[in-house]
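Q: What follows is the residue order along each chain.
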Amino acid sequence: EADIYQTPRYLVIGTGKKITLECSQTMGHDKMYWYQQDPGMELHLIHYSYGVNSTEKGDLSSESTVSRIRTEHFPLTLESARPSHTSQYLCASSDNRGPPEAFFGQGTRLTVV
Amino acid sequence: RKEVEQDPGPFNVPEGATVAFNCTYSNSASQSFFWYRQDCRKEPKLLMSVYSSGNEDGRFTAQLNRASQYISLLIRDSKLSDSATYLCVVAQVSGGSYIPTFGRGTSLIVHP
Chain A
1 EADIYQTPRY LVIGTGKKIT LECSQTMGHD KMYWYQQDPG MELHLIHYSY
51 GVNSTEKGDL SSESTVSRIR TEHFPLTLES ARPSHTSQYL CASSDNRGPP
101 EAFFGQGTRL TVV
Chain B
1 RKEVEQDPGP FNVPEGATVA FNCTYSNSAS QSFFWYRQDC RKEPKLLMSV
51 YSSGNEDGRF TAQLNRASQY ISLLIRDSKL SDSATYLCVV AQVSGGSYIP
101 TFGRGTSLIV HP
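Order-wise, the sequence lines are chains A and B. Residue 64 in my numbering sits at position 64 of the first sequence; the count goes up by one each step and never skips. Residue 21 in my numbering sits at position 21 of the second sequence; the count goes up by one each step and never skips.
For reference, chain B alone in the conformation it holds in the complex (with noise of 0.2 Å):
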């Protein structure tokens, strides 16, 4: 089984949808948990950080649900340049120190 786990996708949906991507890790022991975007053939950036209390950040909104170990990312009123693949990451200590684990990545396109 993978650390972490994503349905590729692709998600094709219109602008103004409201679209939900999951993401399941395995290591219980997991510590940090983040969303990241990658654009086609560039390198991945950081869209948001994920807080057991949940957050949010504009259209934005992350969730974690640490006793079922999923993450969560909801976009609301999808605009055309959200197309992009996100990518969830999952962060484990090793030898006193955070290394992250990306999820294969969940494709979103978003069309007129």
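Next comes chain A alone, as it looks inside the complex (with noise of 0.2 Å):
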């Protein structure tokens, strides 16, 4: 089993409000990636990140923003949730070294009403 956890798993929050989903990992990889999945759809790459102190966009446009402090925490936050907002989103993790093999946290399923 990957030791990357998020938190939390299911979420149903009001329009305006700010959230934080967070992603931990303990295996000490460098990369780490948000991924947005709606049901029956592909994943979109939302943000990744190289390491510490690094953070990156991905393909698909988001309102959300992302912080790499330390290098098993990768939180991420939309200052102003939306409907538009409802999805699940994954959290990833893979070693810098060899093949990108990604790991995957059990996600968190957002709505927002």
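Some hints could be false.
[What the hints assert, rightly or not] Derived lysine-lysine pairs resembling DSS-like cross-links, with alpha carbons at most 25 Å apart: (1) B:79 / B:42; (2) A:57 / B:2; (3) B:2 / B:42; (4) B:45 / A:57.
Hints are computed from structural coordinates only; laboratory data are not their basis.
Can you join these two chains into the complex? Each is in its own frame, and there are hints to help.
A: Written out as structure tokens, the structure reads:
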């Protein structure tokens, strides 16, 4: 089992609220990623990080922001949640050495009402 | 054109059948290839890497055709437990590091 954890697993929140989705991994991986996935649809990369103090935007434009102050922690923040942010958010990490097998957390299913 | 394209299916097959999925990718500079499996409402998990020479893991065989830019996955003797979505993943080098791009996935339903 991969040692990557996301909290909360489920979140229902009102429009306009600020939220932070947590992601932590204990594998010492340098690279971490955030993907957004709607039901039955593909994963879209929204943010990634090569290591501490590195953050990059992914292919899908997102109003969220991320930070990477510690290797093991890669939180995603939405300053003002909207119903269009309703989706599943999956965090993943991979080792910098060798083929980039990505290990995923169990995801956070976000509903904005 | 999407970077990684897959037929979403679903592929509906009886137990014991052989089924094959294909995936095409657009970036000829892609360097690493994988198949992931995602069960309903679960996170994706690595099924197998895809090597240029082709590779086999039990009932699963993966092949890569760089000239035509496609990857295939063959499942023999399908089991009910193989029912899932199979994601094709292609990784390109960006900023000196690999970034994986996922296809939409192909849904497989194995019935008794």
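Q: What hint numbers does the structure not satisfy?
A: none
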